[in-house]
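Protein chains in written order, with this note's numbering: chain R, 31 to 343; chain H, 105 to 351.
Take the hints with a grain of salt, since some may be wrong.
[As the list claims (entries may be wrong)] Taking lysine-lysine and the DSS-like style, the derived pairs with C-alpha atoms no more than 27 Å apart in a straight line are:
1) R:K273 with H:K169
2) R:K223 with H:K162
3) H:K142 with R:K223
4) R:K273 with H:K142
5) R:K289 with H:K263
6) R:K273 with H:K194
7) R:K67 with R:K89
8) H:K306 with H:K225
9) R:K71 with R:K165
10) H:K306 with H:K194
11) R:K186 with R:K212
12) H:K169 with R:K223
13) R:K164 with R:K212
14) R:K186 with H:K162
15) H:K339 with R:K273
16) H:K227 with H:K238
17) R:K293 with H:K208
18) H:K327 with H:K208
19) H:K208 with R:K207
20) H:K306 with H:K227
21) H:K142 with R:K303
22) R:K273 with R:K223
23) R:K223 with H:K263
24) H:K238 with R:K289
25) R:K280 with H:K263
26) R:K212 with R:K89
27) H:K162 with H:K238
28) R:K280 with H:K169
Hints were generated in silico from the structure; no laboratory data involved. All of these numbers come straight from a predicted model, not from anything done at the bench.
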Amino acid sequence: MKTFLSVLILVLGPVLLLPPPVHADTLTCLVCHSAMKGKLKTEKGSFIEVNVDEERFSKSVHGMIGCTTCHKTFKENPHETPRGEVSQELTDLAGRISSKAEVDPIAYAACSECHGDIYKAVSESVHGINIMMKKQSDGAFCLDCHGSPHYIMPAKNRESPVNRWNVVATCSECHEKETIAKKYNLGTQIVEKYYDSFHGKKYKLGHPDVPTCVNCHGAHDIKKWDDPASPVSWERRIETCGKCHPGANKHFVASITHKPIGKDNPIPYYGEKMLIILTISVFIFIVSHVCLDAFTEIRDRVLRKNKEKSHDK
Amino acid sequence: MTNEKPTEYLRFNLVFRMQHIVLFITFFLLAFTGWSLKYPEPTLQHAGWWIRLWGGAKSAGIIHKAAGVTMIFVFVWHVLYMLYLLGTGKTKFNTTTTIVPVPKDVQDAVQNFLYFFGLGKTKPRYGRFTYLQKFDYWAVFWGMGIIGLSGLALAFPTKAQYLFPSWSVNWIWELLTVLHSDEALLAIVFILFIHFYDEHLKWEKFPMSMLWITGKMSMEEFKHEHPLEYELELKENPGFAGKQKNS
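Chain R extracted, bound-state conformation (with noise of 0.2 Å):
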């Protein structure tokens, strides 16, 4: 039995250590992509990254698909367009996010051919009505959390942008934007806010039950908080904190708004003002009060001999 595992592992061992086979197809690109640096200027003036780091590739989760199967047609570019066949359904959902896909439109719409479900709820999310109603280019859209499509990981994976200890900074991006915050109407402050929150404090120092955005706002079907259908919704909110904090109610839910303490809510704001102003008093008093009586101490020690005196009169 020994010599049989000690062969298995003989054998086995280098074909498990090796990397992950890469699909033919993209063999033939890497050759080229691989080895390229830099950036391509198109007709319509964006800019296309022409490296695969091919490592990276073969190790994200989409390490075993060809090119091709997303990179369906090259319009603009010297290659030849290897098959051409792009169903209707493809076109048309490419147009519907041009203005967010400056590069390959029909490879960005490609993601729904294998992950039609999530690509749906996306669409009637607050941020895919931005892009493919709204025809914004400044939203959120697959990659815009995800990463390069070469290189996502598995959100588990401590590298991916949506891992949980990376999906605050990944949000932050937009949402601590001012130029975003004013143009959609939004909170100036929500990130700033969650992390002085008992969550986001937690979440700081590592604490691994807390929630981050994605817990209470949802992912791919987020929604704005006002509309009935968003967790954090005054329908749903009771439902959403009940998930953690069993037996919540309308009272309990209304702790976290993500708005700065401003003086239109003047009980907190006035509050934290007076425990400052009381902090500090006290502060000063006990500070004098311990140099006095210290420099008073030595002041007697050198100066005045007679001090027993005075206690015992």
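With chain R held as given, fit chain H onto it using these hints.
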């Protein structure tokens, strides 16, 4: 003071000493674990050695809550014990020995400050507790009221929610958070300066007096630091300096 007589005075009995030990252990635990939550910035994610010292954020939270509940218990125990002592007449109220602030404390404070600035010739003559010790003592009551109650509400929010009327919910949670964290900072600063200076750093006390373990202070020290109580004891029981007394 003659040398052949026993020269120690029992200032705090065993119950008080135990209450003090539980109080300061829970205080340290609360301050150390709470500090990382008040200032989580330098300890981004898993990198903070301070939070790892407490077994991570989750375990620090459990320690904080357990220590908080223990501190509330020791506080209640102390209050009940004081009521018992006063109710059974084992401790009698006396303006010289009471912890309750009396007008003389204001006089003492003024006299002490005059002495600091060289405007008075003599230091105040204290009873059982100096005005600063009274301040120190009642600060715990303030802290238990503000930090203890807000802490309970924050630790058990789905229970506390029933106590808050709907017109308060837009600010009560923010207020509780601010109260808990700011007053805790005040308590830490307070203890760090007043109590550590007065009981540890002072020339006569450094590094610390053994009073908190033995409950006893030397007759010399007693006479020197609490002359009025000494005189009161002497008047009530002229031979007391030779015996040990349970107060």
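Flag every earlier hint the structure violates by its number, smallest first.
6, 10, 11, 15, 17, 19, 24, 26 and 27
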